[in-house]
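Peer 1: Given these sequences and hints, build the entire structure.
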Amino acid sequence: MKILTGNDLRSGAVLWWTGNGWSIHIGDAADAGDEAETILATESAARRVNDAYAIDAEETPDGPRPAHIKDRVRALGPTVRPDLAVPAAEKVGWDWVI
Amino acid sequence: MYQYDQHDQAMVQARVEQFRDQVQRRLDGKMTEDQFKPLRLQNGLYQQLHAYMLRVAVPYGTLSSRQMHALADIADKYDRGYGHFTTRQNIQYNWIKLEETPDLLADLAKVEMHAIQTSGNCIRNISSDQYAGAAADEVVDPRPYAELLRQWSTFHPEFAFLPRKFKIAVIASEQDRAAMRLHDIGINIVKNEAGELGAAFYVGGGMGRTPMIAPCIREFVPLDQLVTYAESVLRVYNRHGRRDNKYKARIKILVHETGAEEFTRQVEEEFAHLLDQGVEPPLAELDRIRSFFQQPEFATGLSEKADRSDPEFALWIDRNCSPHKVPGYVSAAISLKPVGGIPGDASAEQMHLMADIAKEYSFDECRVTHAQNVILPHVEIGKLYEVWQKLEAAGLGTPNLDQVGDIIACPGLDYCSLANARSIPVAQKISERFDETGKGDVLGELKLKISGCINACGHHHAGHIGILGVDRKGTENYQLLLGGSEAEDVSLAKITGPGFDEAGIVNAVETVTDLYLAQRADGERFLDTYRRIGMEPFKEALYG
Numbered sequence: 001m002k003i004l005t006g007n008d009l010r011s012g013a014v015l016w017w018t019g020n021g022w023s024i025h026i027g028d029a030a031d032a033g034d035e036a037e038t039i040l041a042t043e044s045a046a047r048r049v050n051d052a053y054a055i056d057a058e059e060t061p062d063g064p065r066p067a068h069i070k071d072r073v074r075a076l077g078p079t080v081r082p083d084l085a086v087p088a089a090e091k092v093g094w095d096w097v098i
Numbered sequence: 001m002y003q004y005d006q007h008d009q010a011m012v013q014a015r016v017e018q019f020r021d022q023v024q025r026r027l028d029g030k031m032t033e034d035q036f037k038p039l040r041l042q043n044g045l046y047q048q049l050h051a052y053m054l055r056v057a058v059p060y061g062t063l064s065s066r067q068m069h070a071l072a073d074i075a076d077k078y079d080r081g082y083g084h085f086t087t088r089q090n091i092q093y094n095w096i097k098l099e100e101t102p103d104l105l106a107d108l109a110k111v112e113m114h115a116i117q118t119s120g121n122c123i124r125n126i127s128s129d130q131y132a133g134a135a136a137d138e139v140v141d142p143r144p145y146a147e148l149l150r151q152w153s154t155f156h157p158e159f160a161f162l163p164r165k166f167k168i169a170v171i172a173s174e175q176d177r178a179a180m181r182l183h184d185i186g187i188n189i190v191k192n193e194a195g196e197l198g199a200a201f202y203v204g205g206g207m208g209r210t211p212m213i214a215p216c217i218r219e220f221v222p223l224d225q226l227v228t229y230a231e232s233v234l235r236v237y238n239r240h241g242r243r244d245n246k247y248k249a250r251i252k253i254l255v256h257e258t259g260a261e262e263f264t265r266q267v268e269e270e271f272a273h274l275l276d277q278g279v280e281p282p283l284a285e286l287d288r289i290r291s292f293f294q295q296p297e298f299a300t301g302l303s304e305k306a307d308r309s310d311p312e313f314a315l316w317i318d319r320n321c322s323p324h325k326v327p328g329y330v331s332a333a334i335s336l337k338p339v340g341g342i343p344g345d346a347s348a349e350q351m352h353l354m355a356d357i358a359k360e361y362s363f364d365e366c367r368v369t370h371a372q373n374v375i376l377p378h379v380e381i382g383k384l385y386e387v388w389q390k391l392e393a394a395g396l397g398t399p400n401l402d403q404v405g406d407i408i409a410c411p412g413l414d415y416c417s418l419a420n421a422r423s424i425p426v427a428q429k430i431s432e433r434f435d436e437t438g439k440g441d442v443l444g445e446l447k448l449k450i451s452g453c454i455n456a457c458g459h460h461h462a463g464h465i466g467i468l469g470v471d472r473k474g475t476e477n478y479q480l481l482l483g484g485s486e487a488e489d490v491s492l493a494k495i496t497g498p499g500f501d502e503a504g505i506v507n508a509v510e511t512v513t514d515l516y517l518a519q520r521a522d523g524e525r526f527l528d529t530y531r532r533i534g535m536e537p538f539k540e541a542l543y544g
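Protein sequence lines, in the order shown, are assigned to chains R and X.
Sequential numbering from 1 applies to the first sequence in UniProt numbering.
Sequential numbering from 1 applies to the second sequence in UniProt numbering.
Think of the hints as simulated: they come from the structure by calculation, not from any bench.
Beta carbons are placed, not taken as given, at the ideal position from N, Cα and C, and that holds for glycine.
The reader is advised that the hints may include incorrect statements.
What the hints assert, rightly or not - Chain R residues, not near chain X, derived (Cβ > 12 Å throughout):
(1) Asp8
(2) Gly12
(3) Ser44
(4) Arg48
(5) Glu59
(6) Ala75
(7) Gly93
As the list claims (entries may be wrong) - Here are the computed lysine to aspartate or glutamate pairs in the EDC-like style, where the Cα-Cα straight-line distance is at most 16 Å:
(8) X/Lys37 / R/Glu37
(9) X/Lys473 / R/Asp8
(10) X/Lys77 / X/Asp103
(11) X/Lys325 / X/Asp103
(12) R/Lys2 / R/Glu58
(13) X/Lys429 / X/Glu502
(14) X/Lys37 / R/Asp51
(15) X/Lys473 / X/Asp514
(16) X/Lys77 / X/Glu349
(17) X/Lys97 / R/Asp8
(18) X/Lys383 / X/Asp307
(19) X/Lys191 / X/Glu138
(20) X/Lys110 / X/Asp73
(21) X/Lys539 / X/Asp514
(22) R/Lys70 / X/Asp471
Peer 2: Okay, here's the thing in structure tokens:
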């Protein structure tokens with residue numbers, strides 16, 4: 001699946017495209033499929049999300065799992081500070097990143 | 001230490017208000033991110049993996065306790081209660097909100113600090129010896145010269161858009177504690193045979209993807225020509241440095257491709273041209289700056305011996321304290337590398353404590369080191385035990401300076417958008433392994449440095465043992481390097497061979513240190529043994 005991600009303009013936080021907006025939870029990420037580039041162009045023009053891009057992800061029972069470790073780290077937070085993780089980390093655990 | 005005059009203060013405050021307006025325009029959608037990005041970077045604000053990151057300069061690593069308190073307050077007020085001290089004597093905050101950044105910068109300006117020129121292709125924070133003004137082996141305190149260069153390079157209109165970033169280090173001793181020859185310009189203040197002070201210029205060093213050791217291009221520049229010579233180097237670089245290829249744009253490439261001799265000729269030609277152009281500030285300005293770096297009023301007749309009856313305290317003295325130029329004092333290192341901790345991180349509470357201790361025991365001063373520790377430069381030996389007890393109670397008393405556990409590590413893939421692999425977990429596991437096995441106590445000086453990508457913020461090229469994290473088909477992989485040094489015996493580390501996974505690299509470090517223990521001659525450090533026996537025995541031990 002293709003999912004979209006970027007960073008929030010105000011907080012810099014990692015965001016995931018949900019189909020009709022953006023969420024900090026990767027579990028909310030929707031498959032953008034063939035629409036990825038169109039959505040990115042629209043969202044880029046709206047100037048609310050910085051440097052949005054499409055990534056490959058695997059569909060799992062816990063939700064989408066990005067193909068690349070960098071995006072998995074982005075999804076949960078720094079692996080060395082679980083106390084600062086986004087809530088999704090509690091659900092999937094840190095093994096999910098590695 | 002230096003205090004802003006009205007011009008310094010006005011400039012910094014004006015910059016805050018300028019950035020406030022730029023931020024507002026970005027938030028209002030009046031600027032695109034592409035338009036805004038160079039503006040935020042010029043104010044030290046990066047977008048990292050999880051949030052904005054702000055890099056704050058600590059000029060030549062010197063902080064007053066008031067400034068350290070302010071850094072702690074910023075960690076609490078605008079971040080998540082901690083900061084990360086970096087390998088260039090800066091501090092980084094990892095969780096900054098764009099809309100709060102102008103207020104943060106205004107708070108910084110109140111304590112004469114800023115984030116200007118901590119990013120972008122300009123002259124960055126000027127680093128120095130963390131023991132400056134205290135070291136028993138220095139010929140002079142190098143910080144006034146670093147400050148002079150800071151003032152010259154700040155907002156220098158000609159050097160705001162160089163081919164690439166530019167880093168300068170200034171020291172004043174034979175011992176190099178600032179990785180001087182691994183900078184774009186390394187300056188060593190020296191004394192000539194007549195007893196006059198001058199500057200030896202080393203140009204074209206650096207780490208990154210193409211590590212180079214800077215050659216000396218001038219052994220003695222009179223101090224009343226220091227700025228003019230630096231300007232000459234920058235002019236030649238600005239004119240001829242490559243702008244067509246980011247990876248070949250640093251001055252080290254220019255010096256290498258031009259040849260040190262021809263590069264020097266060009267600098268000397270420019271220097272001759274500039275000498276009568278009024279570039280050099282009047283000596284009165286240098287005298288004014290020097291007046292801020294007067295030696296504190298040290299007590300005399302102090303005891304030069306500490307009560308070593310507490311063995312843990314005695315170990316801390318042996319490992320973390322350095323000789324001071326004044327009898328009865330030492331410089332004490334606060335390790336930000338507890339066993340299993342995150343190298344360079346300090347909580348707001350720890351920063352407040354370090355500030356309080358600096359005020360009470362170290363003439364109101366502390367220093368940040370490129371090895372991501374903090375120094376109390378002037379501590380009475382007789383009060384060391386009190387200091388150590390306070391540090392120990394706050395998790396800041398780890399006795400491991402320059403030991404295997406005193407690992408330099410960049411933020412790596414846990415925070416950094418450029419990284420290919422995580423650095424911090426590797427540092428944590430190595431630190432824990434050597435603590436558990438007790439081997440850390442017998443290895444002696446061993447500088448271990450970890451970078452999470454080829455940009456080498458973790459100085460892996462200069463590690464006695466270096467580790468470079470790479471991305472191998474989407475998986476973290478770690479290359480092992482041996483034989484580097486950033487000190488006066490500077491050398492670049494060499495890769496041992498194929499890389500390892502996370503568990504494997506920890507084992508590999510243990511393997512090479514075991515070989516060292518088996519092979520070392522009396523008094524040899526790991527680096528000495530490596531240099532004596534060469535790479536092959538280590539390769540054999542690692543790969544069979």
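Peer 1: Flag every earlier hint the structure violates by its number, smallest first.
Peer 2: 1, 2, 3, 4, 6, 8, 9, 11 and 15
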